[in-house]
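Visitor: This is what each chain is made of:
Number of protein chains: 2
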Amino acid sequence: MKRAIVLLSGGLDSTTCMALADSEGYKICALSFDYGQRHKRELQSSIKVAEYYRVESHKIIKLDNLGGSALTDLALDVPDYNGSNSIPITYVPSRNLIFLSYAGGLAETLNAQAIFIGVNALDYSGYPDCRPEFINAFKEALRFGTKKGIEGTPIEILTPLINLSKSEIVQLACKHKAPLNLTTSCYRGGDKACGTCDSCILRKKGFKEAGMPDPIEYV
Amino acid sequence: MKRAIVLLSGGLDSTTCMALADSEGYKICALSFDYGQRHKRELQSSIKVAEYYRVESHKIIKLDNLGGSALTDLALDVPDYNGSNSIPITYVPSRNLIFLSYAGGLAETLNAQAIFIGVNALDYSGYPDCRPEFINAFKEALRFGTKKGIEGTPIEILTPLINLSKSEIVQLACKHKAPLNLTTSCYRGGDKACGTCDSCILRKKGFKEAGMPDPIEYV
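In order, the protein sequence lines correspond to chains A and B.
Its first residue numbered 1, the first sequence is counted upward by one per residue in the working numbering.
Its first residue numbered 1001, the second sequence is counted upward by one per residue in the working numbering.
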């Protein structure tokens, strides 16, 4: 029996990871976080995607908001995409570190062999905790810090999207018939996607380059 | 201006870390966790210790309980100390990983240079996430996963107790006049310490070998 924790935000990337975990025969425990994000509606998407895949369980963990980001501090505006190379104000300090740490604890508790996370470091917002260097270092921390690691069966961290472009992710999702109509990507979190924040721009670019229609609505 | 996050459980080790951070001139942000631990009274100790040191701030983060440990699952009994080398049932999967991840996020948000954590791997309960191998791997994950790391000023993880015996920790605490009367170590969490769980046995051993009286009450 193979079991995996799938980090599920309810967006395009994590839903593609769900499709992959499902196609590989894992029993899936979906893990989502209510961390004070302004785009809380993504949690509704995560619930729908988890139901679609008939997961074994779906945990939504409430995390105290640490602030310091336009995604969690309503006093800061989400900027439009500007193509800058610097780390944007939507960066949430330690977000993937905390998410993966929780996933690691849950993997020990539920005896899961793997964690799927949909990070990618190509068409991305420049967050440090989406890069392979971070993921590789985290694998080591998890290996040394857990019972499974000590016992010689370390929890795997699977990042199937890490080297894919957004267009390749869309193609992969479509190949696996992922329910992209249920997903939400917009940082601004309105009923319709804004179409101009980093996340919307990357998503639209992905669909356009893949030659596929994006099934969600934009303002 | 030096600022540090000090992980503060309210026990002997973390209070000794507070004393060290204070003596080194750091402005201190104490960080504690309400993670469903049965010995929740340690949080009261953490509040008293934080007040004693007049910290800049004290954050108590509520974490959803992931289960899988006698410290968080009331259906499991806390065993008496048995001297075994295996990882005990009081092990909480990913606890220090989650604590340090939060501390890393807070260090970014508050612009702190260092995190103090009172792990030690000599007179300890055998938890994998108290060992130097884990701490060193985590340092790398934090370095690669944060803005401060990318900018060349990585957050330091300071573990001043990691190679000390419990007796040496007691001596160090006394040298720095740490308020050990305010601390709580017992896993069973009663009004008086049980004196027989792993944590009580290690604490009593430390005071005895240091030739110092333990100022807290035992049943």
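To be clear, the hints were calculated from the coordinates, so they are not data collected in a lab.
Some clues are possibly wrong.
Unchecked claim - The calculated label-pair distances, taken between Cβ atoms and stated as ranges, are:
#1 B:Asn1136 with A:Leu74: 37 to 43 Å
#2 B:Gly1190 with A:Lys62: 54 to 60 Å
#3 A:Gly152 with B:Pro1215: 55 to 61 Å
#4 A:Pro132 with B:Ser1125: 31 to 37 Å
#5 A:Arg41 with B:Val1219: 34 to 40 Å
#6 B:Lys1175 with A:Pro79: 49 to 55 Å
#7 B:Leu1074 with A:Gly152: 46 to 52 Å
#8 A:Ala75 with B:Tyr1052: 31 to 37 Å
#9 A:Arg41 with B:Met1001: 54 to 60 Å
#10 B:Lys1027 with A:Pro132: 33 to 39 Å
#11 B:Ser1125 with A:Lys27: 41 to 47 Å
#12 B:Glu1156 with A:Asn65: 20 to 26 Å
#13 B:Asp1064 with A:Asp77: 28 to 34 Å
Here a beta-carbon is modelled for each residue, glycine too, at the ideal position from N, C-alpha and C.
Visitor: Each of the hints needs a verdict: does it hold here or not?
Guide: Okay, the hints, checked on the actual structure:
In this structure the supplied range 37 to 43 Å holds for Asn1136 of chain B paired with Leu74 of chain A, their Cβ-Cβ distance being about 38 Å. Hint check: Gly1190 of chain B to Lys62 of chain A, Cβ distance near 29 Å, so the stated range 54 to 60 Å is violated. Evaluation of the 55 to 61 Å hint for Gly152 of chain A and Pro1215 of chain B yields a failure: the beta carbon distance comes to about 43 Å. The supplied range of 31 to 37 Å is met by Pro132 of chain A and Ser1125 of chain B, whose beta-carbon atoms lie about 34 Å from each other.
Remark: the range hint 34 to 40 Å for Arg41 of chain A to Val1219 of chain B is contradicted by a beta-carbon distance near 52 Å. Between Lys1175 of chain B and Pro79 of chain A the beta carbons are some 51 Å apart, a value that agrees with the proposed interval 49 to 55 Å. As the Cβ distance of Leu1074 of chain B to Gly152 of chain A is approximately 31 Å, the hint placing it in 46 to 52 Å is violated. In this structure the hint that Ala75 of chain A and Tyr1052 of chain B lie 31 to 37 Å apart at CB holds, the actual value being about 33 Å.
At about 40 Å, the CB distance of Arg41 of chain A to Met1001 of chain B disagrees with the hint of 54 to 60 Å. Judged by the Cβ atoms, the range 33 to 39 Å given for Lys1027 of chain B and Pro132 of chain A holds: they are separated by roughly 35 Å. Restraint check, Ser1125 of chain B to Lys27 of chain A: a C-beta distance of roughly 32 Å breaks the suggested window 41 to 47 Å. Remark: the range hint 20 to 26 Å for Glu1156 of chain B to Asn65 of chain A is upheld by a beta-carbon distance near 25 Å.
Distance hint check for Asp1064 of chain B and Asp77 of chain A: the Cβ-Cβ separation is about 30 Å, which falls inside the suggested range of 28 to 34 Å.
Figure legend: structure checked against the earlier numbered hints; hints not met, in rising order: 2, 3, 5, 7, 9, 11.
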